[in-house]
Amino acid sequence: MATRKIQHQVRLPWAVAFDVVKQGVRIRLGRSLVTLSGIVLGIAFLMSITAGELAQRSVAQEQQLRTEAKRMVNFLLAESGPLAGGTIGIIQRGPLQETESRFLQAILREKPQRLAWAESNPPPPAALATTVHRVPLDHVADDAVAVLVLGDNSGPAIDWGRLLASARQKVVGLTRGSAGASSAGVVFASLAWEIPAEELTAMAADQKLAQFRTRWMGAIALVVTIIGIANSMLMSVTERFREIGTMKCLGALSAFIRRLFIIESSLMGVVGGVVGTLFGAVAAIGLYGITYNFSLVLGSLQWGLLAGQALLCVVAGIALAIVAAIYPATLAARMVPAMALRTNI
Amino acid sequence: MTTSIDSSKFRALFQAPPTQPRRSIIRAVDVKKIYRLGTQEVHALRGATLDIYAGEYVSIMGPSGSGKTTLFNIIGGLGKPTAGKVYIDQVDVAQLDHNELAWLRCRKIGYIFQNYNLIQVMTTLENVMLSMNFAGLETDEAREKAIYILKLVGLGHRALHKPAELSGGQQQRCCIARALANSPAIILADEPTANLDLKTGEEMIELLARLKSQLGVTIISATHDLKMLKRSDRILWIEDGRIVKVAHPSEIDFASAEFH
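Chains as they are written, first to last, in the working numbering: chain R, 1 to 345; chain X, 1 to 260.
Hints listed in this document are in silico derivations from the structure and should not be mistaken for laboratory results.
Treat the hints with care, since some could be wrong.
[Said to hold, decoys possible] Here's a subset of chain X near chain R, in silico, CB distances under 10 Å, partners left out: (1) Pro63; (2) Asn73; (3) Leu96; (4) Ala102; (5) Arg107; (6) Leu130.
Remember, it's a predicted structure, so these values are computed and weren't measured experimentally.
Note that beta-carbon positions come from the ideal geometry of N, C-alpha and C, so glycine has one too.
From just these sequences and the hints, can you work out the full model?
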């Protein structure tokens, strides 16, 4: 052979493959929709269980906060008697925790006449601004039915005897820690409540179990989705054996054929992932909203985390679709062109 | 639709009619093909030697199981022989990798199928353009050339129809147009008239004969259609993996049972 006239077959741009796939999907819309619904269901299930878990966790947290605040108020009331119409002195020492803010809101619901907020403290939370009067620390307890100490109670010791001299009732409620020193005639009420260790471990175990269950169900949902997509992609390959063979006769490279199926599948993955994630999120929030109530669920939900989960689910949809298409696409790419000549397929 | 097409531009793309007579375009030397079915070896071809010349119209015949399809596939670049040499346009097929084989199938050979095998989701024009795309032809040029070829096979008015909207004869014309898309030297036709009625089949034979003389392409067909056989330059009769007879149609008594 003097000259080698044969050249390498050109590699077609992705755009051509994309065009072929687009036409294929449009024509075989029915079958594509079946594949798509498989992905939508799988991803919707995945999203609904993760979003459901998030909603449940958020609601549980919210409810725990509310019970905690209510319990703290009850502890205080037990010592101070009704707060309605009275003045409450507040000393904030150190940053507030979420429970303490909730506690303050719960205190407001007891309708005290006014809150005297020590001037030297950080400003009160914006939600309280209207009912709060800022007074010098020495006058915080003037005419007060109770004085509350919020925060970690750090800083120099307070001379309670002198401070409470002008108070109506000598009751001090501490949200955290203890008074440090006792003082004659002053009632110190520790509002904090330590959860027993065994209860904590039991709660942690419960949470772990719930988490495990979620992951297990999620994994099964993913596997089922992969199998579903692979199955329908295999169908799509066998359905198109002759078409693939014909394309190979016309000069298509195996890589081109493989690309066709990977593109088709990842397109389904994108659409199925987005639609499934939306369905799943709506379903989970809707279900929890009906079970508890919508304002509680929507108010307590951590939207940032939900968005993260949604993104992960869409990515999972695309990744699943691509993984599921690998075997069918390889099968199609390996097909010999002579298949196109067979008449009995 | 483009109205004016400079056909001479495209005519030049096809192989010129044979100037040096009897240039061998396909040469098979002692080709053997063995399939393995479990532990058994099936000898589909037991040493076939043949030459097909440029611009020739050759028909391959043989009973089923004779190795006809295997020979057809091998000389069409669809499979490699177990032993022996096959040259397509002077290139040894055995030495080509899959990429080069794809190039060969794309540029040198056009395939016509019994079932047309048109891509159902594409229009007639897109079907023809697809093989040009595989050859890397730019879209505008491909479109112009595809329209020219569709007119050449008498399908210019159906360019934007889907295969399902065409009659069998029109689908086969589209298939022929697609086979011609990259100006191949060889056209392989597998029972091209088997699914067509008598009259349409004759039209197809006429079309192929016209293309052969106009464009100088070599046509190789596997067929049992008497009308097609009578138009061939040579008939190869294959039996039990060997070419047992090569004859001009005039030398064959079609009335005899041998060819039925």
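query = Does the structure break any of the earlier hints, and which numbers would those be?
reply = Hint check: 1 fails alone, others pass.
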